[in-house]
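**Student:** Whenever a hint applies, use it, and build me the whole structure from the sequences.
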Amino acid sequence: MNEIRNKIIELFSKGEIDVMLGYREDATTGALKAAVFKKDDTLDDLVFDERCVQNLVNYLPTLTARYKKIGIMLKGCDGRSLVTQLVEHRINKNQIVAFSIACDGVKVGGKTAEKCDDCAVNISPIADHAFGKQEPKKVPLYARVREIEKMAPAERWKFFSEYFAKCERCYACRQICPSCYCEICIADQQEPKWIEPSAKLSANTMWHLIRAYHLAGRCADCGECERVCPQEIPMRLLNNALEKAVQEMFKVRPGTVPDELPPLVVLSKDDPDSILEGRNE
Amino acid sequence: MQIEKDPKILAILCKWCSYAGADLAGTSRFKYPANIRIVQVPCSGRVDPVMVFRAFVEGYDGVMVSGCHPGDCHYGTGNYHARRRLAVARRLLEFTGVHPDRMHFTWISAAEGKKFAEECAEFTEKLRNLSGTEKTLAREEIAT
Amino acid sequence: MATIELVPKPATINEIIEESRDVKSFVLKMNEDRAMHVLPGQFIEVSVQGYGEATFAVTRTSKDKKEFTISVKRIGHLTKMLHRCAEGDVVGVRGPYGNSFPVEDWKAKDIVIIGGGIGLAPLRPVIDHILQHRKNFGELEIIFGARSPADILYKEDLRGWEQDKSIVLHTTIDVPFEGWNGRVGVVPVVVKDLAVKPDSKIALVCGPPIMIKFTIAALKELGWPDNRIFTTLEMKMQCGIGQCGRCNIGEKFICKDGPVFSLDQIPAHAI
Amino acid sequence: MNKWRKLKTGDLKAYLSGLAEKWELWVPYFNDGKWEFGPYDAGRDIDFPDSIINVSLKQLFFPKRRSIATFDENSSWSLKQVMPLEKPRIIMGLHPCDVAGIKYMDKVFLDSEHKDVLYEAERNRTILIGMACGKMEDNCHCTDRGLSPDSSNGMDVVYTRTTGGYLLQSMTKKGEPLLQSDRLKDTDEKPVKKDWRRGKYKIASPEEFMTMYDDRIWHDLSDICLTCGICTYACPTCVCFLVADEKFKGKGERVTVWDSCQLQSYSRMAGGHDTRKTPASRVRNRTLDKFAYSHLRYGQISCTGCGRCVLVCPLKRSFPQLGATVTERLQKKKEKVAAGKEED
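Residue numbers (the working numbering), protein chains in the order written: chain A, 1 to 281; chain B, 282 to 425; chain C, 426 to 696; chain D, 697 to 1040.
Note that these hints are calculated values from the structure, not bench results. Be a bit skeptical, because a hint or two may be false.
[Claimed, not checked] Simulated coverage check for chain D against chain A, where a stretch passes if three residues somewhere in it have a Cβ under 8 Å from a Cβ of chain A:
1) 704–712
2) 877–890
3) 977–985
4) 1005–1013
[Unchecked claim] Calculated cross-link-like contacts (lysine-lysine; reagent style DSS-like; alpha-carbon spacing at most 25 Å):
5) A:Lys-33 <-> D:Lys-945
6) C:Lys-661 <-> D:Lys-811
7) C:Lys-638 <-> D:Lys-973
8) D:Lys-943 <-> B:Lys-289
9) A:Lys-33 <-> D:Lys-896
10) A:Lys-269 <-> B:Lys-289
11) C:Lys-505 <-> D:Lys-870
12) D:Lys-881 <-> D:Lys-799
[Claimed, not checked] Covered stretches of chain D (in silico footprint by chain C; criterion: 3 or more residues with CB under 8 Å from a CB of chain C, positions within the stretch not fixed):
13) 761–767
14) 773–783
15) 798–811
C-beta atoms are modelled at their ideal positions from N, C-alpha and C, and glycine is treated no differently.
**Tutor:** Written out as structure tokens, the structure reads:
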């Protein structure tokens, strides 16, 4: 940790960063919260351990408006998330100083987060300053998605519809996601009203389908949407299913290759027509 | 002709090719089931998967989207975008529980009236022996 | 059986008046044939079945209080549906809600009414009230601003007010248009040019939020005290009965404690 | 004051089944790590949470989606209002902070010129059996909001755990018939009075909070808040709602739906004008509503100190802590003014 602190102090003194986006342990509540460290703040309560779950990339657009140079601490999945934001020109790289810190899994509610079980990218693809080395885990990707794919369609619908029915439409999944940044979200549009405002099964189904679809090929699998959901709806399942589909069809894993355009933005003349028939196994 | 039992199909057809194909099927007296509701869009690239999701949530038994063959889209690249979008939308719908046979994405040119009629009949057949096995994305009845 | 206040009652559109290219006035009458006692400044909630509900100030009521008029500018989802309605269609109405302009305490006072575009709609009932009890009030000065000649509302009323000797009328448009030889300039500027002196007058201001903000600033520059500047705020309202919490300015609800406020009743930061 | 009556743990099931015959009984259940309320089912084992649970009881009185009228889509006007429910029911296992939340909702929906008839029907048909808390969770601070974990105001019957069973006491006429069951024995055993932790989240008076409107602190406080709606949906006194029409296959319904002042679409108007565009203005609006506006409107601040908003906040941004931080800043500003220095 001190190695990181010294680097931050060094960059502050050289004026290479105006603020540092990291995690701080709240003195009174003991909870670990995202925090913006300014030049003369003490860095003793700056923390990086398995409690640092939140993806900080979502704060960058507002901070880049207020400050010129921002340092940010990045786990592997956060780094992927930063790549997606850069390639979509939401922030520009020369305002960002990326601290890539090797991460060996974070804890949610006391146990290791699911996303860390099948994490194959434990350091950020973009790093101005790297700490700790990459330990590539040979991990079977999308294990839970394959389980669900084995079920019959009616079973899958029963599985998902029970969760969709519980959704309260508090939109925490939208607010926490760095890639969900539309000025007027489709859920707030009146004309045409694709999604009705009330929290019932049909409107919730529309919301979750559209949220997952709009992130297809853009989601960096930081898992925040599933973590923040008060009803514990398995949104990562939907995101991973689409990430697996995009991987199989267009050989792209979002956020792993800097400057690689999201697949649904580009077009290619030689996509096989067979992709229109779906998985049909 | 008893519509209620037949599966309800929404067909979103691109104006330049598939809609013209459907017209041709009509004018040359090819028979195809009447329970198909056709929506005309300027190009298959205009088809936003939100429409497909909403169709299933509203209770359609099947959704068919058809545009010009890749390469001769009136606007050049509309169907290339559509191919990617509909492929991803299909994987999402299948994953959440819509039976694969309920979606039919195809290319039909303005000259292929016969092909349009055949594909609609075949699609209806597939849906008919499907109905009852499971519900589409159920939209609960509103309690009166 | 107790009635649910949020459920509107049916009312028929008796007449539709094209006021301008995007504003129509609808003359409504309740189907269950009861009088609607609406005070100047009060509003009602009008719904189109299947599309929702919105807030509209009542801009005129008939002598027998059975018919009441609202002016609707086509700007959103619900107003577009209203503009598609024809005469004889049925819409939902509930209300009237909110307080009203305290016309009773303005006896013998001089009144200045400043309206911007559709903002003249909630002020017109005050003008009607003054004209019906003309001798109870002093001078009446009306400043009405519109974006362009095509956006001028209530053309016959304006003609009537022009001929009325006891009214000083100023009509202005924001930017010059050929074929318009009247006054040109946005309302706040016009108020400054006319240098409307406060002495013991009452000012009423209503219009788009930006117009209210700068007109009030102009009046303050001319020395108007807060307690003699009145405005009616029509922020986003939903229930109209002070329960849905949406239209709050600080601790006040616009639908229950307003929509008419004198400036000293509203926290300064709100405007 | 009525006497306390004792119910042995062994007789709990029989007593509840007795109640369930005449009333629709709602009790708390613990499944997969969370407490939820559900209709009584003799098959499942019954236990009561000693302290705060995630779900506030707002849903049972003011559902997140409540139909107020139905209509036929093809007619031009056929809105017919919905009949309020009348079936008598009991809700058992509420805690003092939940009941305080319901009392605040009474002020919003019942102490108004246009009473909310549906809400009133739900309140009239419900008998509240409240449970005194056994312990205070670390976010609990009802003692700082003029309440206490063993207060019983607003409850029809209060009960608390004791050795070998439960002590029950009826507080209102509505609650009396519930204690007639022969499973209960009179006892002069009294629940032991505990002194509860105080002073964790002290807040200033509503009038002082109002002076903080233009303070710069709101930007710093809101910089890590992502303004989702979780804290408002979990809060027992947040009852903002929107009204919407929904149609399906010719049948339409006008519904009231929960809404949250934290979401961007809450105060966005047709034509694009938005009175609370920035997250700071939304965080300020909710904080002042809880600690100041509610007092000026209804004479009672609308925070019952349950701490549920801290439980559900994904960023662990503690709302009561935010109230305390604003109060500290108020103190500092007062000292500065008192010491004659100019405010920063």
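**Student:** Run every hint past the structure and note whether it holds.
**Tutor:** Going down the list of hints, with the structure as the test:
Only when three residues or more bring their CB closer than 8 Å to a CB of chain A does the claim for the stretch 704–712 of chain D stand; here the count is 0, and the claim is violated. By the rule of at least three residues with a Cβ nearer than 8 Å to a Cβ of chain A, the coverage given for the stretch 877–890 of chain D is violated, with 0 such residues. Check on the stretch 977–985 of chain D: 0 of its residues sit with their Cβ under 8 Å from a Cβ of chain A, so the three-residue criterion for coverage is violated. Requiring three or more residues with a Cβ within less than 8 Å of a Cβ of chain A, the coverage given for the stretch 1005–1013 of chain D holds, as 6 such residues are present.
Distance restraint check for A:Lys-33 and D:Lys-945: the Cα-Cα separation of roughly 48 Å exceeds the 25 Å cut-off, and the hinted pair is therefore not satisfied. The hinted pair formed by C:Lys-661 and D:Lys-811 meets the criterion: a straight-line CA distance of about 22 Å does not exceed 25 Å. Among the hinted pairs, C:Lys-638 with D:Lys-973 is consistent with the structure: their alpha-carbon atoms are about 17 Å apart, no more than 25 Å. For the hint pairing D:Lys-943 with B:Lys-289, the CA-to-CA distance comes to about 19 Å; that is within 25 Å, so the pair holds.
Between A:Lys-33 and D:Lys-896, the direct Cα distance comes to roughly 19 Å. Compliance with the 25 Å bound is thereby established for this hinted pair. A C-alpha spacing of about 33 Å is found between A:Lys-269 and B:Lys-289, which places the hinted pair above 25 Å, so the restraint is violated. For the hint linking C:Lys-505 to D:Lys-870, the alpha-carbon distance of about 51 Å lies beyond 25 Å, and the restraint is violated. For the suggested pair D:Lys-881 and D:Lys-799, the alpha carbons sit about 31 Å apart, so the restraint of at most 25 Å is broken.
Requiring three or more residues with a Cβ within less than 8 Å of a Cβ of chain C, the coverage given for the stretch 761–767 of chain D holds, as 3 such residues are present. Look at the stretch 773–783 of chain D against chain C: 7 of its residues bring a Cβ nearer than 8 Å to a Cβ of that chain, three or more, so the hint holds. Here the stretch 798–811 of chain D counts 6 residues with a CB under 8 Å from a CB of chain C, which clears the bar of 3, and the coverage holds.
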